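For reference, the chains in residue letters:
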Amino acid sequence: MAGAQAVKPVLELKGRMMTLTVLRLLDPSVEVLARELDRRVQEAPDFFRFLPVILDVEAVADSDLYLDLAGLSGLLQARQFVPVGIRGGGEDWREAAAAAGLAVFPADRDSAGGESRRRQTGDESGPKAVATEAGMIVTQPVRSGQQIYARGGDLVVMSAVSPGAEVLADGHIHIYGSLGGRALAGVRGDTGARIFCRSFRAELVSINGTYSVSEQFEDALRGKAVQIALDGDSLDIRAL
Amino acid sequence: MAKIVVVTSGKGGVGKTTTSAAIGAGLAKAGHRTVLVDFDVGLRNLDLIMGCERRVVYDFINVIHEEASLNQALIRDKRVDNLFILAASQTRDKDALTEEGVERVLTELSKDFDYIICDSPAGIERGALLAMYYADEAIIVTNPEVSSVRDSDRVLGILASKTRRAANGDPPVREQLLLTRYSPQRVQKGEMLSVEDVKEILAIDLLGVIPESQAVLNASNAGVPVILEEDSDAGQAYQDSVARFLGEDRPHRFLQLEKKGLFGRLFGG
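Chains as they are written, first to last, in this note's numbering: chain C, 120 to 359; chain U, 24 to 292.
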């Protein structure tokens, strides 16, 4: 019977909006870039693992870095990035991208790059975490030496963050136990991100790169429930 | 199938080997076939604490490298029935421990024993990681001071992520805290963390509190597991801990400052 041979589709092409990290190259020297990448990766290895990136070459478009594009791509892969394409640059760059197996994306339209909120899970070596549409929820204690990163959203820790542990999020961080380690919110540029905790004993807190260490905290806030927000170029830590 | 219990801490010198010996002897006395395995290759101590150092012919590494059979290497304790010791090698280092070798030995031991107590070396390197990898239960030995507590916290994180149970997605390793060298007097003076402090930081069940005691040192020097010193405070505290480990509900003792006698009143603060 001919009808039994109903064709089952094996492929579908669909348009989807995805958030991708853009790596802006600001120096035309491969060595300088490699050194800086190593430094960043060392700081937060799990942050970058298998992170798809687009290379924004606008700032170095006039240099001859495009000759090294394939090498640069390999260098990123060796550090466990997944380079998917380039953005910006002229004909030379487009040719080099094609030769290196990279896609070419149209140049930036809104340079502010409105922070989108896609959620992904974090570090596999950390406690079990559930990533939901609303962010990431961690129910186990985050212990010394562990690192949890909520990429693209908020992080909620139901238990304590021990001294020597580190939690990071692109959005807010809520900690319902005591915060004894480090908490870094808004790590990819969200200046509106905040940190909330029930008992404040942190070693370091940071919002969008502006940080403060325990030596600088007011004694009166120690052990208290606090919220931390960015106020200009300093942190505003106040009791809840 | 045996239960595999790792005695671990991160920090050195907190009482892991003393605890392994005491808990092992306690379980054996309660009628369970128990074997103590010393994972501290290169710095073997368990045989000293157990008083069998002069009877070690073959060790754990010999068995792993199939230079001796388990039966040849297992040392039977002379005081307690059902208790056996598998000594570490003094002449090798931790690289001599292989994952497959350890698994094979533990699997073989599992057939004959109810409990396998793995005495972990300090640190979080190979020896310690292998000692905890196959564990079903963990006893975290901690002294009431900040560096010990932090190291224990680190070890708890590793137990939750780098064990066979974690790798297979099985129920997690059961973790219990044993607070050792506890001195209520020093806690009162603010020189030591209290039981409550440590419990709050580590957030795991409390198996027992072992008081700081001369009996521990005496027993170690004599090569006797301190739990067999039944009149000593530390021995009794270990007995309580073993009973709790086996599911009994016992109140914690030795947490309060003892009432001072005449001597204490004359010389105490």
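Treat the hints as calculated values from the structure; they're not laboratory data. Here the structure is a predicted model, which is why all the values come from computation and not from measurement. Treat the hints with care, since some could be wrong.
Said to hold, decoys possible - Some but not every residue of chain C turned toward chain U, in silico, with C-beta under 8 Å:
| # | residue |
| --- | --- |
| 1 | G264 |
| 2 | A279 |
| 3 | S281 |
Where a beta carbon is used, it is the ideal one built from N, C-alpha and C, also for glycine.
Query raised in the report: How about S281(C): closest beta carbon in chain U under 8 Å, or not?
Result: Constraint on S281(C) satisfied, holds at 5 Å.
**Report entry** Interface hint outcome for G264(C) [beta carbon to chain U under 8 Å]
**Finding:** With a closest approach of 5 Å, the G264(C) hint holds.
Query raised in the report: Given A279(C) as an interface hint, is the shortest Cβ-Cβ distance to chain U below 8 Å?
Result: Status holds, d = 6 Å.
Comparing the model with each numbered hint stated earlier shows that all of them hold.
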